[in-house]
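Note that our numbering numbers the sequence shown so that position 242 is 250, with each residue one more than the last.
These are calculated hints, taken from the structure and not from any lab test.
Just to be clear, a hint being listed does not mean it is correct.
[Unchecked claim] Only pairs whose alpha carbons sit at most 27 Å apart, straight line, appear in this in silico BS3-like list of lysine-lysine: (1) K59 x K271; (2) K297 x K96; (3) K265 x K96; (4) K96 x K232; (5) K297 x K270; (6) K209 x K59; (7) K59 x K205; (8) K265 x K297; (9) K35 x K297; (10) K35 x K59; (11) K211 x K90.
[Stated by the list, open to error] Pair by pair, the computed Cβ-Cβ distance ranges are: (12) E81 x E187: 16 to 22 Å; (13) V207 x N104: 20 to 26 Å; (14) N104 x D294: 28 to 34 Å; (15) L167 x K205: 28 to 34 Å; (16) V14 x K232: 19 to 25 Å; (17) L21 x D132: 18 to 24 Å.
All residues carry an ideal CB built from backbone N, CA and C; glycine is no exception.
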Amino acid sequence: MPRQDVVFTSEGLRCSAWFYSANSNGKQPCVILAHGLAGIKEMRLDAYAEKFAEAGYHALVFDYRHFGESDGEPRQLLNIAKQHQDWKAAISYARNRPDVDATKIVLWGSSLSGGHVVAIAAQDSSIAAVISQVPHMLGLTSGLAGGLLTGTRLTIHALIDRLGSLIGLQPHFINASAEPGRLGLMTAPEASHGYLKLVPKGKVFDQRVAARFVFDAMRYSPGKYLRHLTMPTLLQVANNDLTTPASAALRSARGAKTVTLKKHNADHFDPYIEPLFSTFIAEQLDFLKQNLEKRWHGQKQ
9 MPRQDVVFTS
19 EGLRCSAWFY
29 SANSNGKQPC
39 VILAHGLAGI
49 KEMRLDAYAE
59 KFAEAGYHAL
69 VFDYRHFGES
79 DGEPRQLLNI
89 AKQHQDWKAA
99 ISYARNRPDV
109 DATKIVLWGS
119 SLSGGHVVAI
129 AAQDSSIAAV
139 ISQVPHMLGL
149 TSGLAGGLLT
159 GTRLTIHALI
169 DRLGSLIGLQ
179 PHFINASAEP
189 GRLGLMTAPE
199 ASHGYLKLVP
209 KGKVFDQRVA
219 ARFVFDAMRY
229 SPGKYLRHLT
239 MPTLLQVANN
249 DLTTPASAAL
259 RSARGAKTVT
269 LKKHNADHFD
279 PYIEPLFSTF
289 IAEQLDFLKQ
299 NLEKRWHGQK
309 Q
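Using the sequences and the accompanying hints, generate a full structural model.
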C-alpha cells in the first residue's frame, strides 16, 4: 500500500510517522497506531497498517518522542503523560489532513498503548472506535507479573534513576525485556524471545528504558476508564499472557457496555506474528465493519 513518511509536532518536538493511504477514494476514516513498551513503528505495526489500508481505512503509525525516529532528549525516556500528549498530537494531525474524515478516527493500541488508547478515548468522546490488544490495564497486576523479587529490584533501579535526574545526571537504564531471572521490565519466558523477534533483521534497536518509568507503570491503571467509554471498543486478551495478565483486562471490562471482549489462547507477543496475526487483524477488521461502517453508510444516506 502507498506509504508516506510524515511528521507532526508534539509539544514543540517532531514525531516521526508513516501515513498509509486507504485503498479508496475521497475522505476516509483513519486508524492511528502506536506501540507498547519502548517499541518502535518498525516492530510489525506496518503489517497492521497495511491491512487497514487494504480494507479502505487510512492508517497513521507514529513513534513517541524520545524513541525511534522521533525527537526528544534524553533518549529512551518513557513518560506516560508525554505519550498521552503524543497521542493527542497524532489525533490532531490526522483530523486536519484533507483526505481524512475528521469524525471517523479510530485508536489502535497494544500492550502499554492498549491502555493509552482507552485513557485517551475517555477524554475524547468524538473518537469513533477503539481497538485495545493484549493491553496494560492495571498497574499493580502488570508490575507484579514478574514476581516480588523482580519488582523490588526494579524499584531500586527506578529510585537510582529518579534521584540521579534530580541532580542532572543522565538516565540510568534498564532493558525492556530480559531472560527470566535477569533484570528487565518484561521477564516472562514469552518476552525473552518474543519481544526482540518483532525487530526487523538489520534494524538497529535500543530496548533500554530510563528506569524511573517503573514508578509510573505501577500507578498506571487505564482499565478504570473502560466503563466510561461511549464508543465501540474491541478488547482482545490473551489467556496465556504473562506480561499483561488477562485477568486485569477481564476485571476492567466488567460492566463496560460498549466493549466487545474477545479471548484467545495466545501469549503476549503472538498477535504480532503468524498464525495468530491473521486471527487478530481479521477480528479487528470485522469489528470495524460491524460497528462503524453501517453507521457511516447510514449517515451518508
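Structure-based check of each hint:
1. K59 x K271: With Cα atoms ~21 Å apart, K59 and K271 stay inside 27 Å; holds.
2. K297 x K96: holds, 25 Å
3. K265 x K96: holds, 25 Å
4. K96 x K232: Status holds; Cα separation ~20 Å.
5. K297 x K270: holds, 16 Å
6. K209 x K59: OK: K209 and K59 at ~21 Å, within 27 Å.
7. K59 x K205: holds, 20 Å
8. K265 x K297: OK: K265 and K297 at ~19 Å, within 27 Å.
9. K35 x K297: Measuring from Cα to Cα gives roughly 17 Å; hence the hint holds.
10. K35 x K59: Holds. K35 to K59 sits at ~18 Å (cutoff 27 Å).
11. K211 x K90: Within the cut-off at roughly 25 Å; holds.
12. E81 x E187: 16 to 22 Å: Taking Cβ atoms as reference, E81 and E187 lie about 30 Å apart, which means the hint is violated.
13. V207 x N104: 20 to 26 Å: violated, 32 Å
14. N104 x D294: 28 to 34 Å: Hint holds: Cβ distance 29 Å, inside 28 to 34 Å.
15. L167 x K205: 28 to 34 Å: Holds, since L167 and K205 (Cβ atoms, about 32 Å apart) stay within the stated range.
16. V14 x K232: 19 to 25 Å: Cβ of V14 to Cβ of K232: about 33 Å, so the range 19 to 25 Å is violated.
17. L21 x D132: 18 to 24 Å: holds, 21 Å
Checked against the numbered hints listed earlier, the structure breaks hints 12, 13, 16; every other hint is satisfied.
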